[in-house]
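Colleague: Since the structure of chain A is provided, determine the placement of chain B on it from the hints.
Protein chains: 2
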Amino acid sequence: MWEVHSSDKIRIKDIAERSGVSVGTVDRVLHNRPNVSGKARAKVEAVLKEINYQPNMYASALAYNRKYTFCCLLPDHDRNAYWTNVEKGLQQCILNRGDFHLSLITEYYDQFEGSSFAVAAERIWDKKPDGVVIVPQNFDVTQAFCRRLQEQDIPFVFLDSNVPEIEPLAFFGQDSLKSGYFAGRIFMMQAGEHARRILLMKLMSKGRVASRQQEYREVGFREYMTTYYPDCEVVELSLQLDGEDGYESRIRAFLDEHPDVRHCITFCSRAYILGEYFQRNGLKDFHLFGYDMVERNVECLKQGTIDFLIAQHPWKQGYNSVKALFNHIVLKKAVQQCNYMPLELLTAENYIYYTADEK
Amino acid sequence: MWEVHSSDKIRIKDIAERSGVSVGTVDRVLHNRPNVSGKARAKVEAVLKEINYQPNMYASALAYNRKYTFCCLLPDHDRNAYWTNVEKGLQQCILNRGDFHLSLITEYYDQFEGSSFAVAAERIWDKKPDGVVIVPQNFDVTQAFCRRLQEQDIPFVFLDSNVPEIEPLAFFGQDSLKSGYFAGRIFMMQAGEHARRILLMKLMSKGRVASRQQEYREVGFREYMTTYYPDCEVVELSLQLDGEDGYESRIRAFLDEHPDVRHCITFCSRAYILGEYFQRNGLKDFHLFGYDMVERNVECLKQGTIDFLIAQHPWKQGYNSVKALFNHIVLKKAVQQCNYMPLELLTAENYIYYTADEK
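Protein chains in written order, with UniProt numbering: chain A, 1 to 359; chain B, 1 to 359.
Isolated chain A (complex conformation):
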C-alpha cells in the first residue's frame, strides 16, 4: 500500500524549519526583501536548492494585474478546415485563463503570397503584442518579421512548421521529415513489394505547395522510397488549388495514362479530392493515404475510399502555443523549445477515438 497527499507540496513553514530560521525570514528571502542577514539568506537558499523550490508565480502574476495582448498570424482558410481546430485550441487556452487579462488577436495571410504575410504582420505589429503565434510562410518574410520582434524582445512561437534558424521561443508541430518517412512505410506495407508505380498528388498554386510541412513530408517519403523501393516509380499528379472544376478530367486523364497505378498518397489535407473521385466513379480497387482529420477526409475514411490518415492534434498545437507564451511572459516559467506532436495513424477502425477537439 502507498499513500500520496495533495499537501505533499513544500510549504514556507517547512522551509523555515529546515533552515532553522523564522517564517518571516524565508518570506523575505523569497521576495528579495531587505533585512536578512547573509548567514540566514545562505541557509534558506541552500534549503531552496536542496528541495528544488518552485515559487508560486501564478499568485505573483495575478497580483501584478497587468493586461497582455497575444497575436496570431495564421493562413487564411475555409470554415471547418484544418486551421479551424487550431483556432479553437488557441481560443480555449485564453478562455481557461480567466483570472488574467488576456486578449488574443488573429490576423490571416494568403499562403501563396509573401506580401500578404508582410501586410498581416504589419497589422499585428501595430497592436503592440506581448507575444505572437506564427505559422511560418516562406523563409524571408517570416525572418523579416521575426527579426523585428526579436529586436523588441517580443517572444514568438512557431506553429505547424518550424524554422529553427530563426530561433522561436517554442515550436509545436509534427516532425515533418519523420512523418513522411513513416507514411511511406505504412503506405508501402499496404502497396506490397510488387507495386511498380504509385501516385503522389500535390495541390499547387503559383508553382508551389502550401507549406514547408508538405515539402518536408515529401522529402521524408522520398527518402523512404529511395532506400527501400528504389524501383518503384513515384508519378506526380499536380492539381491547381484555385478551383475544383478541372479536377475530374485531370484525374481521369492521369489514371487512363497510368492504368497500373492503384496506390495514391498526398501530403496535403485534401486527400478527399481523390477519395471522392473514386467514390463518384465506383472505383473500389484503389488505396489512398492522406493527412488530417478534416470533415471530407473523415467521410472518405468511413466510405472506405481513404485507408489511412495521419493526424497531428491541431487543437493541442493551438492550445499549447498560447500556453507557452503565457508561461514564458506571464508566469516567467521555462518553456520547452521543440515540441513534436505525435504521429497518429488513423483508419476507419480507430479514428472515432481520436479527439481533435480536446477539452
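Bear in mind the hints are in silico, worked out from the structure with no lab data behind them. Any given hint could be a false lead.
[Said to hold, decoys possible] Taking lysine-lysine and the DSS-like style, the derived pairs with C-alpha atoms no more than 27 Å apart in a straight line are:
1) B:Lys-49 with B:Lys-39
2) B:Lys-302 with A:Lys-178
3) B:Lys-333 with A:Lys-88
4) B:Lys-178 with A:Lys-302
5) B:Lys-88 with A:Lys-49
6) A:Lys-333 with B:Lys-88
7) B:Lys-49 with A:Lys-67
8) A:Lys-13 with B:Lys-67
9) B:Lys-284 with A:Lys-178
10) A:Lys-88 with B:Lys-49
11) A:Lys-284 with B:Lys-178
12) B:Lys-13 with B:Lys-43
13) B:Lys-333 with B:Lys-128
Modeller: Coordinates of chain B only, in the frame set by chain A:
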C-alpha cells in the same frame, strides 16, 4: 481578424443587468439564500438558464475545506510495468490539486486470485473512502465489492476494463473489442493474403489470461479473422506466467512444429518474450504485433523484432480516473460515463512522439 478575451466569461454583474435586479439579489439566488421575491428569483433563473450559467464550484469547494480520501485497487505488478504509468497518473492528479485536502491510498491484488481482490477490497473498505478507482477483476468479486460501495453511495470509477452492468460513475480504457479488430486489420495487412497460419501467443496462469481486456481483444481479433481471412488458421501458443525459464524451449518446439508461421500477435503487454527470442536466435524473418509501451517492448521495436504496438495512454487513464472522482465528489460537476482512450498504433518510426508520461 477576430479577438477573444479571457474575460469573456459571464460575471454576476452581467447577470444582474440582464435580469434587471441587484447584484445582491443574484448572489442570494446563486447561493440559495432567503429574502428574494418569487418574481426576482424567476427573472434571475431565466437568465441563468439562457446563458447556461456554470457556478464556480471550485471556490465553493475550497471554502468548504473538507478532507477527501480516494482509494485505488490495482493489480499487483513489477516496477516499470504497464501499471506503473497508471500509478504516476493517479498520483499526479492528486498532487495537482494541492489547494484541497486529498489523499490517495492504493491497495494491490493478484490478478489470478479472486480472493486476493476481496481481501484488498476489504482493506479499502476500512479506510472509509470517499471514492474508489478500480481495475475490475472477475465479474463476481468486482460486483460484490461495488454493490457495497453503491449501498453507501460511494462512487467508483473503472480503469482499464469496463463492466458496464455494474454501472460505475465512469470508465477509462480502450474499447477492447475494437482494439482487437483494429489489430487484426493492421496485422493481416502486413501478413498479406497468402498467410495460411499465424501465431497467437497467450500468457496464462491458473488456466486463464490476466484480464477481461485481453479476452475481449481476442474476441475482436477473431471476428476480424473470421470475416476477412476465414482460411487463415490461428494457432495458439500458451506460456505460463509463473516463470520465464520454460519459454525458450516451448517457443522453439512451437516454431519447429509450425515452420510456415512467420506472423505472431499477442494481446498481453509482453510481446517482448517472443521479440527477445527472435533476437537471441537471430531470426529476422518474423513479424510481431503486441500491446503497450513497456520498456522491453520498446527495446524490441528499436531492434526491429516487434513491428507494431498498440498503446493506450495508461498515464492519462490514471489521471482522468482520479479527476472524474474529484469533479463528481468535490466539485459536484457532471462526469462523462464512458471514456475510450485512443487506439494508438506505434512503430519504430513514431513511438518517440508518443508520450506515455504526460505532464
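Colleague: So, for every hint listed, does it hold in this structure?
Modeller: Against the structure, the hints come out as follows:
Pair hint B:Lys-49 plus B:Lys-39 holds up; C-alpha atoms about 15 Å apart against a cutoff of 27 Å. For the hint pairing B:Lys-302 with A:Lys-178, the CA-to-CA distance comes to about 15 Å; that is within 27 Å, so the pair holds. Of the supplied pair hints, the one linking B:Lys-333 and A:Lys-88 holds, its CA atoms being roughly 23 Å apart against a limit of 27 Å. Between the alpha carbons of B:Lys-178 and A:Lys-302 the distance comes to roughly 15 Å, so the proposed pair stays at or under 27 Å and holds.
About 24 Å separates the Cα atoms of B:Lys-88 and A:Lys-49, which keeps this hinted pair within 27 Å; it holds. Using a Cα cut-off of 27 Å, the hinted pair A:Lys-333 and B:Lys-88 holds, with the two alpha carbons roughly 23 Å apart. With a C-alpha separation of about 31 Å, the suggested pair B:Lys-49 and A:Lys-67 falls outside the 27 Å cut-off, and the hint is violated. Of the supplied pair hints, the one linking A:Lys-13 and B:Lys-67 holds, its CA atoms being roughly 21 Å apart against a limit of 27 Å.
Distance restraint check for B:Lys-284 and A:Lys-178: the Cα-Cα separation of roughly 24 Å lies within the 27 Å cut-off, and the hinted pair is therefore satisfied. For the suggested pair A:Lys-88 and B:Lys-49, the alpha carbons sit about 25 Å apart, so the restraint of at most 27 Å is met. For the hint pairing A:Lys-284 with B:Lys-178, the CA-to-CA distance comes to about 24 Å; that is within 27 Å, so the pair holds. With a C-alpha separation of about 14 Å, the suggested pair B:Lys-13 and B:Lys-43 falls inside the 27 Å cut-off, and the hint holds.
Restraint check for B:Lys-333 and B:Lys-128: satisfied, since their Cα atoms lie roughly 22 Å apart, inside the 27 Å limit.
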